[in-house]
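Peer 1: Chains as they are written, first to last, in this note's numbering: chain A, 1 to 440; chain B, 1 to 452.
No lab work stands behind these hints: they were computed from the structure.
It cannot be assumed that every hint is accurate.
Sample of chain A residues at the chain B side, in silico, Cβ under 7 Å [claimed, not checked]:
1. H65
2. D68
3. K348
4. C349
5. L368
Note that beta-carbon positions come from the ideal geometry of N, C-alpha and C, so glycine has one too.
Single-letter residue listing:
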Amino acid sequence: MANLASSFVGIKSPNPFWLASAPPTDKAYNVVRAFKDGWGGVVWKTLGTDPPVVNVSGPRYGAIHSNDRRLIGLNNIELITDRPLDVNLREIKEVKRDWPDRALVVSLMVPCEEHYWKDILAKVEDTEADGVELNFGCPHGMSERGMGAAVGQVPEYVEMVTRWCKQHTRMPVIVKLTPNISDIRTSARAAHNGGADAVSLINTINSIIGVDIDNFAPIPTVDGKGSHGGYCGPAVKPIALNMTAEIARDPQTRDLPISGIGGITTWRDAVEFMALGAGNVQVCTAAMTYGFRIVQEMITGLSEYMDKHGFTSVDEIVGRAVGNVTDWKYLNLNYVAKAKIDQDACIKCGRCHIACEDTSHQAITSMLDGVRHFEVIDAECVGCNLCVNVCPVENCITMEQMVDGVDPRTGYAITGEYANWTTHKNNPMAAPAAVVEPAE
Amino acid sequence: MPSHLPGIASGRLAPDEYAANFLDIHPPLDHHQAVVEADRCYFCYDAPCVKACPTSIDIPLFIRQIMTDNPIGSAETILSQNILGGMCARVCPTETLCEEACVREEAEGKPVKIGLLQRYATDVLMEEQGEQPFARAPSTGKRVAVVGAGPAGLAAAHRLAMHGHDVVIYDARPKAGGLNEYGIAAYKAPDDFAQKEVDFVLSIGGITVEHGKAIGRDVELSDLRKGYDAVFLGMGLAGVNALGLENEDLAGVADAVDYIAELRQATDLSTLPVGARVVVVGGGMTAIDVAVQSKRLGARDVTVVYRRGQEKMGASGYEQDLAQTDGVVIRHNAKPSRLLTEDGRVAAIEFEETMEDGGRLVGTGVTFTLPADTVFKAIGQTLVPAALNGSAETIALDGGKIRVDDERRTTLPGVWAGGDCAATGEDLTVAAVADGRIAAESIHRALSSVAA
Numbered sequence: 001m002a003n004l005a006s007s008f009v010g011i012k013s014p015n016p017f018w019l020a021s022a023p024p025t026d027k028a029y030n031v032v033r034a035f036k037d038g039w040g041g042v043v044w045k046t047l048g049t050d051p052p053v054v055n056v057s058g059p060r061y062g063a064i065h066s067n068d069r070r071l072i073g074l075n076n077i078e079l080i081t082d083r084p085l086d087v088n089l090r091e092i093k094e095v096k097r098d099w100p101d102r103a104l105v106v107s108l109m110v111p112c113e114e115h116y117w118k119d120i121l122a123k124v125e126d127t128e129a130d131g132v133e134l135n136f137g138c139p140h141g142m143s144e145r146g147m148g149a150a151v152g153q154v155p156e157y158v159e160m161v162t163r164w165c166k167q168h169t170r171m172p173v174i175v176k177l178t179p180n181i182s183d184i185r186t187s188a189r190a191a192h193n194g195g196a197d198a199v200s201l202i203n204t205i206n207s208i209i210g211v212d213i214d215n216f217a218p219i220p221t222v223d224g225k226g227s228h229g230g231y232c233g234p235a236v237k238p239i240a241l242n243m244t245a246e247i248a249r250d251p252q253t254r255d256l257p258i259s260g261i262g263g264i265t266t267w268r269d270a271v272e273f274m275a276l277g278a279g280n281v282q283v284c285t286a287a288m289t290y291g292f293r294i295v296q297e298m299i300t301g302l303s304e305y306m307d308k309h310g311f312t313s314v315d316e317i318v319g320r321a322v323g324n325v326t327d328w329k330y331l332n333l334n335y336v337a338k339a340k341i342d343q344d345a346c347i348k349c350g351r352c353h354i355a356c357e358d359t360s361h362q363a364i365t366s367m368l369d370g371v372r373h374f375e376v377i378d379a380e381c382v383g384c385n386l387c388v389n390v391c392p393v394e395n396c397i398t399m400e401q402m403v404d405g406v407d408p409r410t411g412y413a414i415t416g417e418y419a420n421w422t423t424h425k426n427n428p429m430a431a432p433a434a435v436v437e438p439a440e
Numbered sequence: 001m002p003s004h005l006p007g008i009a010s011g012r013l014a015p016d017e018y019a020a021n022f023l024d025i026h027p028p029l030d031h032h033q034a035v036v037e038a039d040r041c042y043f044c045y046d047a048p049c050v051k052a053c054p055t056s057i058d059i060p061l062f063i064r065q066i067m068t069d070n071p072i073g074s075a076e077t078i079l080s081q082n083i084l085g086g087m088c089a090r091v092c093p094t095e096t097l098c099e100e101a102c103v104r105e106e107a108e109g110k111p112v113k114i115g116l117l118q119r120y121a122t123d124v125l126m127e128e129q130g131e132q133p134f135a136r137a138p139s140t141g142k143r144v145a146v147v148g149a150g151p152a153g154l155a156a157a158h159r160l161a162m163h164g165h166d167v168v169i170y171d172a173r174p175k176a177g178g179l180n181e182y183g184i185a186a187y188k189a190p191d192d193f194a195q196k197e198v199d200f201v202l203s204i205g206g207i208t209v210e211h212g213k214a215i216g217r218d219v220e221l222s223d224l225r226k227g228y229d230a231v232f233l234g235m236g237l238a239g240v241n242a243l244g245l246e247n248e249d250l251a252g253v254a255d256a257v258d259y260i261a262e263l264r265q266a267t268d269l270s271t272l273p274v275g276a277r278v279v280v281v282g283g284g285m286t287a288i289d290v291a292v293q294s295k296r297l298g299a300r301d302v303t304v305v306y307r308r309g310q311e312k313m314g315a316s317g318y319e320q321d322l323a324q325t326d327g328v329v330i331r332h333n334a335k336p337s338r339l340l341t342e343d344g345r346v347a348a349i350e351f352e353e354t355m356e357d358g359g360r361l362v363g364t365g366v367t368f369t370l371p372a373d374t375v376f377k378a379i380g381q382t383l384v385p386a387a388l389n390g391s392a393e394t395i396a397l398d399g400g401k402i403r404v405d406d407e408r409r410t411t412l413p414g415v416w417a418g419g420d421c422a423a424t425g426e427d428l429t430v431a432a433v434a435d436g437r438i439a440a441e442s443i444h445r446a447l448s449s450v451a452a
C-alpha cells in the first residue's frame, strides 16, 4: 500500500480525494458518512448570507445516459445551501473536531461587497475549518444575482474578491473557477494576482441538458419551464483536463496549485488530472451516482498504480505530463505512423472500413479476393487514428510508427529528424531554422 | 398427478402445469431490455447478419431504430423485407442464421439477440399500431392464384397485393397460416399469434382466401393457369416419409406432423392424449418439436432415435439442448428395424445400430429394443407430385421438389413456386417468406411487362 497522504496548500488529508462543494457535502450527516467511507476531505457546500436561498421543489437534475442508463453527464439547477448559516457553521465545527485528520474546506459565495466577505470569513475561522474556497463558478441562479459565475467571468472581480479574502483571513484561499469563459488562463491569472493560494476547476458548464420533445420544454422541467443549469460528470472531463493543463503550463500560473475537478470517476481519472498539474482532486457526480463507497476503489487503484511505478508520494505524479503538453506548431511533422489491424483479433465488423471510406482517406479494404477482409492500405493511410477509435475491439488496431524506409503515401524518406510547422515550406510565416518549443 | 398412467392418456398434469409448460419459450424483451440489447449492436458495415438472413432484413438499421426509440420505424424496416417478421422472430433458428454470423458471436460468444429484438419491434407495431404500414398500389386488374396460405403463399400474396394485383389463395385447411398454424411447436408461438399475423398480412386488402381447397382435389393447376394471369405454388409438403417397416399402420404409430397439428388446434391440452413411453424416429426440427411437446404434455420417457451421428442432425444445437434439458433422450446411429405388437397396438420398437462406411450408412447387426406405446415418424415430408401433374402438362421436379430458377419460376410458363414444395434452400419459415417475396416481384415484373 503506497502512502497516499496529501498536503494541498498546507491542508493535510490522508489521500488526495476530496468531495467537491455540492449536494453531497451540504450537511454533517452526509460528510460524516463520506469520511467513514474514506474520503480524504470535503469542500462543504457553499455558504451564503442569511436568509438562506430557496431551492425549487421540483426536479433539480437532468442527465445524459448511455442506452443502458449509465450516467454520462449530469446537469443541475440547485443553488447554494438553503440551510441557515449558523446551522452549517455549527455542523462544520463539530465535524472538524471529530475528524481532525480530514481536510475540511468551506465554500463561500456572498455579494461582491467587502464587508460580506470579511464577516463570513471570521465566522468560518471560528469553526477551525482548514480553508475556504471562493465559489466564482456557479452558472445558474446565483449568477443572476451577481454572484457565482457572474464574478468568475470578470477577471477584475476575481482578483478583487480574492484580495479581500486574503486580507481578512489566515486560512488558505482556493478560488474555484468557472469554465464559462473564453480563456481559463485569464481567470487563473486574476486569482493568482489577487493572492490566491490555489485555484480549483472546473465548476459546472452552462448547459441545457435536453429538451422534452413532446412538451417542448428544457429538462429538468419545473411547471412547464426550464432554466439553464450546470453540467458535470464524466462528459466534461476532457474540458476540465485541458483547462487544468492550460493553467499548469502558463508561465504566469505554473506554480499556482490546482485542485482538479470535472468528471473524475475512477482512480485513473484522478491520475490524469494530477499528471496534468492538479495537486489533488475533487469529486461530486461519481459519488452522486454510486454513493461514497467508490472512494475505496480510488484509494486502492491509486495505491497499486503508485507501487507499480515506484512513486512514494502523490506529489511525484503531479505535473508529470505537463511538459508533454505543447502547441500544435511544435508537433513533429516528420513523425509517421500507420494503422495496423491484428487479423486474429479482428471480428470483421467493418466499422474501420466504412469510417475510413466514407469520412476519411479510403485506406482500409473491405474485401480481399472476394473474402470479407479489412486491411490498411499504407499508401493511403495518413495515420489519423480514427479506425483505432471506432474499432470495438481493444488493441485490435494499433498505430505503428515508421522508423525507416519511405512513406508510401508521400514518397518521402523517413529520416528520424524532428521538424515542425515553424519551418515548413508551406508555412508563409516559416522561420529560417526550426523553432523548438521553449524549454520553460 | 397421474403422469404414471400407463399407455395413452390425457390429463397427465395438473391444470396449471399445462399453461406453464406451453408458455412462451423466449419471453419478449421489455422496452429497457430492448434498448440495452440494441446498444450492443456495432452497426457493422456490409453486416454479416444481413447476409445470413434469407430475407436480407437490414438488421443493423432496425436495431439502431430500436436503440433510438423508434420501434415502429424499426418494424417497417423488418416488414418491408419480411411481412412475417413477427413469426420469424419467434421460430427462426437464429443461432444458425443471423446470430451465428453476428460479429459479437466471434468477439465474445454472445451475439446480439437479433431474434428477440425483431420480435420487440414487430410486437410494438402490431400491438400499438395494429394496422400494417403498407398500402395497395392502384389496381392493375391482374389476377394471381396462390396455392397454399402458409408462409410462402402469404408472403407472395401480400407483395402481389401491394403491387395492386388481385390475389386468391387456395388452401386445403380450414385456417390460413400453414405450418405457422399447424406445425410450429406451441411454446414458440403462443396466444394464437399465427392467426393474428394472418389477419395482419391480409389486412392490406385485395387478397381472398378460399379455405378447404386442396390442389389436385378441389382445384386443378391447369384450371388455375387458365383462369389467372399467374400462379404461385406454395402448398408445402403433404406427404410423410414412411419408416419402411411392416405394420406401419399399427395403432400407436403416428406421423409427428399430424400430432403436432392436433396439439396446435387443441383448445384444452389436458384433453389431448399422450403416451407414457414415446419414441420419435428422426433427427430434424419436427422430431425435436414432437418429442419436447410430448414430454411437456406429461409423457414419462421420450426418446429420439436418429440413424446418423449427432453432427448430421437437422435440428439445431439449440433445439437439441432444449430437448435434453426437458429430459428427452437423444440416441444416435440407430435405425428402426421392427415394430413389436401387443393386443394389436405397438408395444416396442427394435433398432439396429448403424455406422458410416465410406459415407454409406450400414447396419451393424446389433439391435436394441425400446418399449413404446407411441412411435412418431419424423423422417421428413414429401411433395405429392400427383396433385400437380394430373392429366395436363407436367411440372419438372428436382430431387422430389418443384424445380425453380432464381426468380422462383417453374418449368411451366406462368407458374412460380416457393417454400418447402420448391427445390430452393432450407425448409425454414424465413426461407419460404423469401421465396414468396422473390416470386411475387418476378410475377409483378412479368405482368407489368405484358401490360407495357
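Peer 1: All hints are to be evaluated individually against the structure, with a verdict given for each.
Peer 2: Structure-based check of each hint:
1. At about 10 Å, the closest approach between the beta carbon of A:H65 and any beta carbon in chain B exceeds 7 Å, and the interface hint on this residue is violated.
2. The beta carbon of A:D68 is positioned within 7 Å of a beta carbon in chain B (closest approach about 4 Å), and the interface hint is therefore held.
3. Nearest Cβ of chain B to the Cβ of A:K348: about 6 Å, under the 7 Å cut. The hint holds.
4. Of the supplied interface hints, the one on A:C349 holds, with its beta-carbon coming within about 4 Å of a beta-carbon of chain B, less than 7 Å.
5. This hint is violated: A:L368 has a C-beta 13 Å from the nearest C-beta of chain B, more than the 7 Å allowed.
When the structure is compared with the earlier hints, violations turn up for hints 1, 5 and for no others.
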